[in-house]
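Residues per chain are reported as follows:
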Amino acid sequence: MAARLRGVIAGRIVAAGLGALILGTLAAVAWQAGGLSGLGEWDWRAVRFTIWQAALSATLSAALAVPVARALARRRFRGRGLLVTLLGAPFILPVIVAIMGLISVFGRNGALNEGLRALGLPEIGIYGWQGVILAHVFFNLPLSVRLILQGWQAIPSERFRLASSLGFAPADIARHLERPMLRAALPGVWLAVFLVCLTSFTVALALGGGPRATTVELAIYQAFRFDFDLGRAATLGLVQIGLCIAAMLAARWIAIPAGFGAGMDAGQGPTGPRGWRVAADAAVIALAAGFLLWPLAAVMAVGVPRLPMLQADIWWAAGRSVVMAVISALLAVMLCLTLALTIARGAGRWIEAAGMLPLIASPLVLGTGLFILLRDMAGPQQMALPVTVAINAAMALPFGLRALIPAARSLQDDYGQLAASLDLRGWARLRYLTLPRLARPLGFAGGLAAALAMGDLGVITLFASDQPTLPLKLYQLMNSYRMADAAGAAVLLMALSFGLFWVFDKGGRLDA
Amino acid sequence: MLELRDIAFRQDDFSLCADLTLPKGGRFAVIGASGSGKSTLLSLIGGFLFPDQGKVMWNGQDITGMAPGDRPISTLFQHHNLFPHLTIRQNIGMGLRPDLRLDTSQRNRVAQVLDQVGLSGMGDRRPAALSGGQQSRVALARVLLRARPILLLDEPFAALGPALKAEMLSLLNDIADGTEATVLMVTHDPQDARVFSPQTILVEDGRAHAPRDTAPLLDDPPPGLRAYLG
Amino acid sequence: MKPLLIATALLAATPALAQDRVLTVYASDYIASEWGPGPKIKSEFEAFCDCTLDFVTGDILPRLLMEGEGTDADIVFGLNTDVTARARASGLFAPHGQDTSDMSLPVEWTDDIFLPYNWGETAFVYDNTRLENPPASFQELLDAPDDLKIVIQDPRSSISGLALLLWVKQVYGDDAPDAWAKLAPKVLTVTRGWSESYGMFTDGEADMVLSYTTSPAYHIAAEDDLTKKAAIFPEGHYFMAELAAQVASTDQPELAQQFMDWILTPEFQKTIPLANWSLPAKLPQDDWPQVMRDLPRPDKTLFYSEDEAEALRQPALDEWLRAFAG
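Protein chains in written order, with the working numbering: chain A, 14 to 525; chain B, 195 to 424; chain C, 153 to 478.
Treat the hints as calculated values from the structure; they're not laboratory data.
Check the hints yourself; a few may be wrong.
[Stated by the list, open to error] Just the calculated beta-carbon pair ranges, DEER-fashion: (1) C:Arg238 / A:Arg61: 26 to 36 angstroms; (2) C:Arg474 / A:Leu132: 32 to 42 angstroms; (3) C:Arg173 / A:Gly138: 51 to 61 angstroms.
Every residue, glycine too, gets a C-beta built ideally from N, C-alpha and C.
Given only the sequences and the hints, what does the whole structure look like? Please build it.
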């Protein structure tokens, strides 16, 4: 019993620690400011815009993901597995790199508009709110496709066989098989994207648009940076958390689909209808691939030739970022595992909620709060890297948990009793049962955490440091007019993010 | 001697009580309709569920609060008796030391029980490479190795064909003889009960009834059991 | 062991060297990057001060305000005009003790706390291969067709964005809202900082970008690119300087004073133009690099005093917000 109890207690401690981190930093900021201060007209506009853009981004991502997921679910072609993997790439792409890619494709001077101009068609604009939405769809379409594709693959193939034996037309299949699945899956997909977009920061920063496209997180940044108004920052941080909690409460009955990290290549799927629908599916897949992969290709086209010219400093910063990302990822994996095992043993829902908290916290409030709390203990320079590592690990938890909780639950259901009857516990249990059985979701969670940490500019600016990370270096290049070198550094950043994800994810599959 | 003293267990609408004394070395079938509480009875003994009142005693010692692994019990579950990612040897070795730090004599014993269940040479395979019958043998080999005085079986052979099942029951019989174990076996097949266990515990109407001789019970079942057996 | 060693090497803080005297300088991020003036400042100052100079980069003013008197900073390097009022109000700074009567600035400098070490003016920069007839005045810019696209920075997050706010206010006064209304349709987007805007401009996304009169110097000197020009407006251009100040609570008052003295020496001032791509605060024009001397200079430089700037900030921001939120 003792080991079991220890496990559960460890999970509670992690959850309580997370809660203290998120809410404590907010309190620290408010305390430093001498209380919360009221919000002005522009702050409330930012709140409204934030909700609106998150809702629109979520709706578009979920709606566009349906045809893509359906086409991928019912067609088999060479390179499909690779394509499905590649389509996931934008989700872990560092924001600043993604923006560069999006502008080079959809910008005023981008390839798309050049094509439209050549055809005498009106141009499309991506600046302002359109850009924010476009970027959010770019980031979250992969997540949505993945979740919905899982829904499709979870429909037992017997049912599709039964349907074809009954001579169902595609419309009948849609009504009897697909729509019920979508009704169950789509709300959760929508909520997941909505929450991600609610706290999105850098996207609105980079594509801008000014006062019309100011998000809450951007308003927090302005309150900090320009007005030095910590009270307003804390109030906005509180509003943001309130928004997210309200969204989650309103959607209490919506389950975010599980198995975020599950494998995607279930061999036998339904065979799709013939005729014009083959061409339609091909077009949908081609469009999605173009939308998601073209910007990546554009970044590479500009940046790869610059790679050999990058100075040693960039490589050092890259090395530093990789080390930090790996440590972050390992920490995230440990925290995730502790929480997931506790949750799998039926601990209270609050632990799961605590695990989701980082998704809704403002990184700026978090960083500033930690700065306030830690400044008397150690020099901020010494804290910069550890704090960045810790915050990045915490930020990755919600995604890692999505992948890990279902796996930990089935581990507990399937092997919990056997392990207990053999008195398998402590390290032996971790080594011989938990780690081998959870290697895949752990690898996936670690990869995600590493990639997200790699691209994070994060809190480091406040703590400062003489050891810049690669994203910070990228900004420095841009600030020194060196846009071409910045493009090279962006490719490096992208490659390292993908590489880290790949290594972790692969590591989790070695034994399989 | 295994005693269930005035046990009561309640969960939502379900309840089960039991007041039984089972002598050492006895073989008991546990029989009853689905949902009657057969598995619950085993879980209460095995330590996976805790009674709301009453005590589980073994040879006069109270084991009610003991962790499953510390009890003098081996359990064979309906599913998942083997860890699919571990080799056969590791799966069996875990019965001796969960951390698998086996010394030479322990390793020899593992090899020995593998021999005994007719699987010598398969120690390095994983369960997936074995047939269903062979997998059951591995689980039995571990039971043999652990040699705990109580053995609980929750229909572990239900998925096997009749011939294989008979083979397993006979192997089980040998093992239980060798270790003088007290065996409780949940089954829905009256034939298993007749072959294996002279006495049967009927679980019905929220109560595990005291063991009765198997043959008369099955020849002239009470109305509930009759309906179940058909 | 090897990976561990490498990891340690990557993460270890730069060790303070044998000298026990350390001057801690809070500086804007770009200053300490290897392309900024930082490395040169460090090596040259350390060469004669017999001390170690540590740059601490990041959001310096917010950080300093939070740390208050407990700060480790001895010097703050890279504050901007237009935010000095709030910095001064903190009471954290000591006088610089320099003679500022013969600065090479287009405005008179009487501040005894904040010492400018470089300066420039806001300007809209364009590429003459893409924009053949740039507006010749601010008014022409306002009256230009709306398909002339410019990128600017957000005054709530960028110092150059704030300078534009004050620039427009000084040129147009009470008519500033009308000016913004005319400018707004030409604004492709408003970015958080200067670098995002400038990147969009060099990518060909916008015809003009809010930047500095000195920006073309970089392209000429570093890239041999003569196509980037700053549009010079007869209405005048808004003055911006970067400032240094010493922190009153410093535990190295001598070193801090030494640093402040050094900032205005020709040795340091000569490094400014090509490291910072801005103009030196105290250096005869003949000592400027050729590329800076050749740049077209505006006839008129506009500047608000600290108190005026602070008083105008919020009303001007409201006007701006209204024009862009419409």
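Non-conforming hints, listed in increasing numerical order: The structure conflicts with no hint, since it agrees with every one listed earlier.
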